[in-house]
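K.L.:
With the sequences and hints as input, model every part of the structure.
For reference, the chains in residue letters:
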Amino acid sequence: MLEFPTWKKVWLWGVTLLACLAALPSIFNAANIRWPDQLPDPTVNLGLDLAGGSHILLEADPAQVRAQRLENLEGAVESALRSADPRIEIGDVSTRGGQLSFLVESAADVDRAREEILPLINGTGLTREWDLQVMDETRFVLSPTQAGLDLAIDNAMEAATDVVRKRIDALGTREPTIIRQGSDRIVVQVPGLSDPEQLKQLLGQTARLEFKLVDPQLQQAIPSESASTAIRAGTQVVPYAEGTGQEGFSMAVRRLGGIQGDSLVDARAGVDPQTNEPVVNIQFDAQGGARFARLSSENVDRRFAIILDGEVISAPSFNEPIYGGQAQISGNFTTESAYALAISLQSGALPVDLAIVEERTVGPDLGADSIEKGMIAILIGTLLVIALMIATYGRFGVYATAALVLNVGMILGIMAVANTTLTLPGIAGFVLTIGAAVDANVLINERIAEERKRGRRVVAAVENGYKEASRAIYDANATNFIAGVLLFLFGSGPIRGFAVVLIIGLFTSVFTAVVLTRMWVADWLRKSRPTELNI
Amino acid sequence: MRLLKLVPDNTNIKFLKWRAPFYIVSILLILASWALVFSEGLNYGVDFAGGLEIRATFEQSEQAPIPELREQVGSLGYGSPVVQQFGADNQVSIRVRLPAEAEGDNEAAQRIANEIVAEIAANHEDFRLDGNDNVSGKVSSEFRDTALWALIAAMAAISLYIWIRFEWQFGVGALFALFHDVSLTLGMFALFQLEFSLQIIAAILAIIGYSLNDTIVVYDRIRENLKKYRKMPLPELLDLSVNETLARTVMTSLTLLVALLPLLFFGPESLFGLTAAITLGIFVGTYSSVYMAAPILIWLGVNSDSFVPQEGVAEKQERIARGEQ
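Quick mapping for you: the protein sequence lines, in order, are chains A and B. Residue numbers for the first sequence, in our numbering: 533 to 1067. Residue numbers for the second sequence, in our numbering: 22 to 346.
If you are wondering where the hints come from, they were derived from the structure by calculation, not from laboratory data. Incorrect hints may appear among the rest.
[Unchecked claim] Here are some, though not all, of the chain B residues that point toward chain A, as calculated from beta-carbon distances under 10 angstroms:
1. GLU140
2. ASN144
3. GLU146
4. ASP147
5. ARG149
6. ASP154
7. SER157
8. ALA171
9. ILE173
10. ILE183
11. ASP241
12. LYS248
13. GLU265
14. LEU285
[What the hints assert, rightly or not] A few chain B residues that don't get close to chain A, going by computed Cβ distances all over 10 angstroms:
15. GLN81
16. GLY98
17. MET253
18. LEU255
Glycine included, every Cβ here is placed at the ideal spot set by N, Cα and C.
P.N.:
Rendered as structure tokens:
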């Protein structure tokens, strides 16, 4: 018990001080003192609930990815069979039930058709993306495989994350965190952002831009209720977007022959010099520009619809042929919405619609207020605990208190090095950990007192006290550790925040409350050889 | 001797004497809690029910116009909102649940929130939005599921550990004590219709952690005494164990209370629910360790042979007779 070799002492102090040192930058930051740049500065991140900012959870719609994939397959199959030599005729094409099915018209072509289709369904990697079945000799049925779907969703999410990142970067927000979560979600966290309206607008926009000719026979907007009567072969009806002043109306447009937004090379918010209204100026690439020139020259004085995410935002007329690939989008924009649209167009369309399924915003004032009040309360609490411990256990109370302070330092230090985030529930974890640390010392001290009462001599009482109490401390911490790990594995956000602090704290509290105090007590016993314990 | 002595030496309180009535009362309380949970339901916050919560300050006002807000937000037709003072007198929290027809509509919470903010901002110039939480129905039901599974998994694993380290009776006892604590906490939340959120789950976890600490300290002492006093009748031995650890129990509870009370009274409003739940848990957890976890061992048939391998009994008795441990 009294034997603490020097190497062991050096090691224990080294670990303690190193961990506590790592906490310094965080403590200085919290007190608004500048930490010198030359020094390394691992810091504890404050969760958005403490620091203020916005947390947004976006979710993709897998059904949309499935539908798009099916459409692409249909196109690929049709063009492959059409370009086969000699051409393979098919009929009765259907995409119902998520499957593509069609008839090969001549039974003699079935084998050739299969040859053509096989490369299309095997994908690029090792996963087979579609299952091919031939029924009744000539009916081909292509159904998606789970692996293929997963891959498609994964690719779409990868690309969507990129687009989201570009859009947020374009806003110039500081230190955003953008992480994919699970198979179909993206978490966006922006510290310090208290009004996320613009951000939400930006992320909620798929930004699929299309230019389509308005049905030449029906140049006027029609009330949406009677829109179905306006559909003719080759046209479709598209409703006006909200905020355009034309809500409740729709436009009949030509289904084919339009221009897609993916041939854009640039988009910028600007002001129309004539009307002084905010607009978005766009620039097509060479190919898109040429198509736009042809479309406009063939349709002078006719209207075309500018369609964003399946809604008409405006339907101006071609006053003259437009060459040079530059065009202007107008549509009752505000300066902000024009800017947001320009950013969305620049960063490209999202490969899949994203819905905002969770949003949490904490204003910076509220966050700062929480921290300040929390700090004061924790300070008062700590002082009271220290007073109580010293009043009850005297010298041993002083040791326990010192251990407690080092414990807090070590938790912060380890959290800083591991780059974890402290949240409000994390503070609950802190309280529990400190409770456990105090409890460990109470257990030890009570046990020492008990052993003394039974008449053991000082050194033996201390030795036994530590030994006997350690068993309960060990079991209590082990159970809490198991709980912590499971909570981390199964829990969601806030519960994880709690679990992380708990897990780190269990180790540091055993270390400080059992190991460090024992070293100090041993030193004191050896130096002053007391015959009585004030405990 | 020490300055402060909370528990006199050689206390001998007959805790276990009243075990039957306490058990009856506790079981009734557990049943009542669950009845309350099922009949009244928990007042789920937006985390678990979906919907939105807006926190705002009326900067120029002494007092937030609560009745007015209730009316204005209510007039939008999303059911009756919960409008409460939150923090200072001029701060409020407005909570609106997702209407049933919004099911499957991922962005309903977003839209409704925007509408409400616009409505209030139009009527109050000094309105400042401090924060908002909007949670879709899908995400909130996921939160409910993961929280439930995390709790169940943690409790099961803890019991398993205690079974391995002690004996199966102790595992069952600890599980029962934890169940008691969780039930009563839930019952309390159902009774007073306090907002039940993810933070409260964190608080319940802290309660479980604390109660478990307590239970293990008592169990450790019981295990020790079972080896030491092999002839002592179990109720008496349990009483002795509880009494021996009483000083520690009182001291630890007191220190934690001393640390928590400032947080309860001076801490941030956002931590109030969490701190209140943990404070409550200290009482419930301590009680359950003494009155639930210990007496159950009598009925489960723990005896002095529980910790002694059968073939080693004679040898062990011999050693004890020699005064060793």
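K.L.:
Would you mind marking each hint as holding or not holding in the structure?
P.N.:
Going down the list of hints, with the structure as the test:
| no. | hint | result |
| --- | --- | --- |
| 1 | GLU140 | 15 angstroms, violated |
| 2 | ASN144 | 19 angstroms, violated |
| 3 | GLU146 | 17 angstroms, violated |
| 4 | ASP147 | 14 angstroms, violated |
| 5 | ARG149 | 8 angstroms, holds |
| 6 | ASP154 | 5 angstroms, holds |
| 7 | SER157 | 4 angstroms, holds |
| 8 | ALA171 | 4 angstroms, holds |
| 9 | ILE173 | 9 angstroms, holds |
| 10 | ILE183 | 7 angstroms, holds |
| 11 | ASP241 | 4 angstroms, holds |
| 12 | LYS248 | 12 angstroms, violated |
| 13 | GLU265 | 7 angstroms, holds |
| 14 | LEU285 | 8 angstroms, holds |
| 15 | GLN81 | 16 angstroms, holds |
| 16 | GLY98 | 19 angstroms, holds |
| 17 | MET253 | 17 angstroms, holds |
| 18 | LEU255 | 20 angstroms, holds |
Hints 1, 2, 3, 4 and 12 from the list above are not met by this structure, while the remaining hints are.
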